[in-house]
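Novice: Please put together the full structure from these sequences, using the hints given.
Protein chains in written order, with our numbering: chain C, 1 to 321; chain B, 1 to 330.
Keep in mind the hints are simulated off the structure, nothing from the lab.
Careful: at least some of the hints might be erroneous.
Here are the computed lysine to any residue pairs in the SDA-like style, where the Cα-Cα straight-line distance is at most 20 Å [to be verified]:
#, chain 1, residue 1, chain 2, residue 2
1, B, K127, C, Y137
2, B, K31, C, M1
3, B, K127, C, L5
4, B, K127, C, A134
5, B, K31, C, Y137
6, B, K196, B, L206
7, B, K31, C, A134
Each chain, letter by letter, is given below.
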Amino acid sequence: MIPTLFLITVLVFLLVRFIPGDVIDMMLAQMSEQSGMGAELTADFLREAMGLDQPILTQYGRWMGFIPNADVDGEFKGVVQGYLGESLWKNKPVGTELLERLPVSVELGLISMITGWLLAMPIGIYSALRQDTALDYIGRSFAIIMLSVPGFWLATMVIVYPSILWGWTPSLEYLPLIKNPGGNLLQFLLPGFLMGTQMSGSLMRMIRTMVLEVMRQDYIRTAWSKGLAERTIIIRHALKNALMPVVTIAGMMLPMLIAGSVIMEQIFCLPGVGRLTFEALVQRDYPIISGINLVMATTVLIMNLVVDITYAWMDPRVQYR
Amino acid sequence: MADAPTATTIQATEIRKRRHPVVDFFIRMIKEKPLGTIGLIIVIVLLLVGIFAEVLAPYGYNEIILADRLDGPTIKHLLGCDNLGRDLLSRIIFGARISMIVALAGSSISTTVGFMVGAISGFLGGKYDMVVQRFVDAWMCFPGLVLYLIVMSILGPGLLQVILVLGVSMGLGGGSRVTRSAVIRIKEDVYFEAAKAIGVPTSRILIRHVLPNVLPIMIIGFSTGLGGFILAEASLSFLGFGIPPPVPSWGGMLSGTGRQYMLQAPWMALWPGLALAVVVYGVNMLGDAVRDLFDPRLRGGLGRYGAPQDKLQKLAEKKQAEAEKQRRSA
Numbered sequence: 001m002i003p004t005l006f007l008i009t010v011l012v013f014l015l016v017r018f019i020p021g022d023v024i025d026m027m028l029a030q031m032s033e034q035s036g037m038g039a040e041l042t043a044d045f046l047r048e049a050m051g052l053d054q055p056i057l058t059q060y061g062r063w064m065g066f067i068p069n070a071d072v073d074g075e076f077k078g079v080v081q082g083y084l085g086e087s088l089w090k091n092k093p094v095g096t097e098l099l100e101r102l103p104v105s106v107e108l109g110l111i112s113m114i115t116g117w118l119l120a121m122p123i124g125i126y127s128a129l130r131q132d133t134a135l136d137y138i139g140r141s142f143a144i145i146m147l148s149v150p151g152f153w154l155a156t157m158v159i160v161y162p163s164i165l166w167g168w169t170p171s172l173e174y175l176p177l178i179k180n181p182g183g184n185l186l187q188f189l190l191p192g193f194l195m196g197t198q199m200s201g202s203l204m205r206m207i208r209t210m211v212l213e214v215m216r217q218d219y220i221r222t223a224w225s226k227g228l229a230e231r232t233i234i235i236r237h238a239l240k241n242a243l244m245p246v247v248t249i250a251g252m253m254l255p256m257l258i259a260g261s262v263i264m265e266q267i268f269c270l271p272g273v274g275r276l277t278f279e280a281l282v283q284r285d286y287p288i289i290s291g292i293n294l295v296m297a298t299t300v301l302i303m304n305l306v307v308d309i310t311y312a313w314m315d316p317r318v319q320y321r
Numbered sequence: 001m002a003d004a005p006t007a008t009t010i011q012a013t014e015i016r017k018r019r020h021p022v023v024d025f026f027i028r029m030i031k032e033k034p035l036g037t038i039g040l041i042i043v044i045v046l047l048l049v050g051i052f053a054e055v056l057a058p059y060g061y062n063e064i065i066l067a068d069r070l071d072g073p074t075i076k077h078l079l080g081c082d083n084l085g086r087d088l089l090s091r092i093i094f095g096a097r098i099s100m101i102v103a104l105a106g107s108s109i110s111t112t113v114g115f116m117v118g119a120i121s122g123f124l125g126g127k128y129d130m131v132v133q134r135f136v137d138a139w140m141c142f143p144g145l146v147l148y149l150i151v152m153s154i155l156g157p158g159l160l161q162v163i164l165v166l167g168v169s170m171g172l173g174g175g176s177r178v179t180r181s182a183v184i185r186i187k188e189d190v191y192f193e194a195a196k197a198i199g200v201p202t203s204r205i206l207i208r209h210v211l212p213n214v215l216p217i218m219i220i221g222f223s224t225g226l227g228g229f230i231l232a233e234a235s236l237s238f239l240g241f242g243i244p245p246p247v248p249s250w251g252g253m254l255s256g257t258g259r260q261y262m263l264q265a266p267w268m269a270l271w272p273g274l275a276l277a278v279v280v281y282g283v284n285m286l287g288d289a290v291r292d293l294f295d296p297r298l299r300g301g302l303g304r305y306g307a308p309q310d311k312l313q314k315l316a317e318k319k320q321a322e323a324e325k326q327r328r329s330a
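Specialist: Pasting the structure below:
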């Protein structure tokens with residue numbers, strides 16, 4: 001856990017510091033064009049301002065907060081102290097920016113999680129219990145179609161075709177939850193539902209595999225030969241065991257959710273973390289990118305830990321040394 | 001009833017006739033996995049279209065016919081034209097080549113990287129394994145698409161970059177884990193210990209004993225990964241970080257100008273997405289069938305629910321008749 005966290009910070013840091021020199025030149029061109037500053041804005045100046053003229057270890061130490069940071073009056077202020085740096089373009093701390101965008105992504109994620117599970121559970125379980133029947137094939141086809149149809153295409157179609165056929169377009173302007181709860185919910189339902197159906201594809205397949213595996217276990221055969229009713233076997237014996245590993249998947253869904261939200265937020269113009277990532281990448285706002293990355297990776301890591309702990313707590317057979 | 005054969009002996013002797021394993025594999029696929037067969041056909045069509053794109057496409061992929069700008073589907077342009085007057089059918093056909101290359105090359109790289117990292121890590125174990133696994137842990141914490149976006153923005157757009165980025169990062173993440181756990185399991189097997197005990201050199205153990213046993217897992221990984229690569233490339237190109245514009249990528253055709261003209265020419269957005277969906281569907285179905293056929297845990301035997309019961313019956317009768325005949329002749 002701790003070494004992994006350390007490696008994450010190293011990776012985040014290195015990914016962003018591997019910027020080739022010409023990007024500095026690109027920023028230079030962009031900045032001098034926008035600011036009108038000519039002579040005093042040189043590549044060296046920019047590098048110094050960004051602290052890129054220092055040796056790489058010093059840079060890492062500053063970013064992490066192990067070494068006093070010259071940018072913030074020589075204090076120890078870095079990741080360890082909870083300070084993620086400042087945006088290059090917006091003159092705003094990365095942390096504040098992230099916190100502003102987070103609710104949008106969380107709302108989108110929640111809606112899609114709920115839709116995904118509600119769709120996946122019944123179909124996945126049914127399709128496993130009736131393996132290789134017509135309904136199983138339909139269920140599996142649905143799952144694979146959901147995995148195959150690109151989310152961004154589905155979203156584009158949902159925006160384009162209703163507006164051609166009925167002249168209806170989803171609002172492409174963000175409505176805050178507090179000001180306009182109904183409008184906000186309506187606005188989130190469509191992308192959330194799309195992401196959810198997308199997610200339900202892989203979820204359904206995992207549920208199906210798990211149930212299938214459990215249905216072949218000896219204790220299920222014992223239950224059958226005892227003459228228990230199918231309903232009892234499925235609910236009391238099979239599902240209890242099959243759904244436990246599936247819970248762990250809820251944790252692994254997080255990266256998928258994040259990736260989905262990058263695309264959906266882009267298409268539906270929702271100002272969430274995904275859109276922030278995209279904007280920062282286009283503008284090459286590196287402190288924001290490393291900030292977002294660090295937060296995302298850490299969240300995933302913590303999520304995995306939580307999942308492991310719940311798993312051990314739920315299933316007494318699992319023990320961690 | 002000593003000579004009445006049980007279901008298991010029938011399965012072992014009658015069903016698995018001795019054929020060349022590859023031929024046997026395809027026959028079983030067609031017999032047992034109708035969806036997998038559909039997938040196989042789609043994949044073969046994709047491969048053929050990709051290979052013979054020049055012959056099949058009526059126009060060049062970047063051939064601009066200004067007079068036909070934004071034309072709907074007509075006989076001259078079966079799928080219509082885009083906002084620059086480029087024939088969409090030709091662009092879809094050349095797009096198939098890009099998808100094919102990305103899927104095959106990416107999946108190969110990812111499988112190779114996954115095997116190298118995973119097998120060595122699992123084989124050596126100890127401190128080396130610890131360090132590598134912590135690194136893989138950290139790598140897997142990054143959400144895929146965001147990671148690809150960042151690396152692509154560093155490397156710059158391009159086909160080669162897309163393949164490398166997707167291949168290496170997917171191999172490091174998922175692939176190496178699966179291979180590692182398989183190798184660790186193999187290490188506890190008797191034949192492995194025997195090979196070690198008689199002093200077979202490490203390289204030979206890896207090639208002769210470990211590789212053949214990991215191979216099914218690698219094939220499953222390769223075939224189930226294909227669809228992911230096609231979709232990841234499309235997503236990257238859609239967001240503008242994948243393959244740069246003049247080259248037609250299905251994802252790229254949906255982005256940028258494609259989206260601006262969508263209301264006037266909805267077919268511009270329709271076809272690439274449809275092509276993507278059909279191909280990824282086929283590839284996924286094929287991957288699934290391959291996994292089901294290779295993974296003994298998922299291989300539905302004759303005793304499975306909804307299995308052809310009459311087939312089992314018939315086989316039992318046939319066996320019994322044979323035994324009867326033998327008894328009579330004896």
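Novice: Does the structure keep B/K31 and C/Y137 at a Cα separation of 20 Å or less?
Specialist: holds, 15 Å
Novice: Take the C-alpha atoms of B/K196 and B/L206, compute the straight-line distance between them, and say whether it is at most 20 Å.
Specialist: Within the cut-off at roughly 11 Å; holds.
Novice: Does the alpha-carbon distance linking B/K127 and C/Y137 stay inside the 20 Å limit?
Specialist: violated, 46 Å
Novice: Sort out whether C/A134 lies within 20 Å of B/K127, counting only the CA atoms.
Specialist: Violated - the C-alpha atoms of C/A134 and B/K127 are around 51 Å apart, more than 20 Å.
Novice: Given the hint that B/K31 pairs with C/A134, test it: the Cα-Cα distance must not exceed 20 Å.
Specialist: Satisfied, since the Cα-Cα distance of roughly 16 Å is no more than 20 Å.
Novice: Taking 20 Å as the top limit, are the C-alpha atoms of B/K127 and C/L5 close enough?
Specialist: holds, 18 Å
Novice: Within a Cα-Cα threshold of 20 Å, do B/K31 and C/M1 meet the stated pairing?
Specialist: violated, 48 Å
Checked against the numbered hints given earlier, this structure breaks hints 1, 2, 4; the rest are met.
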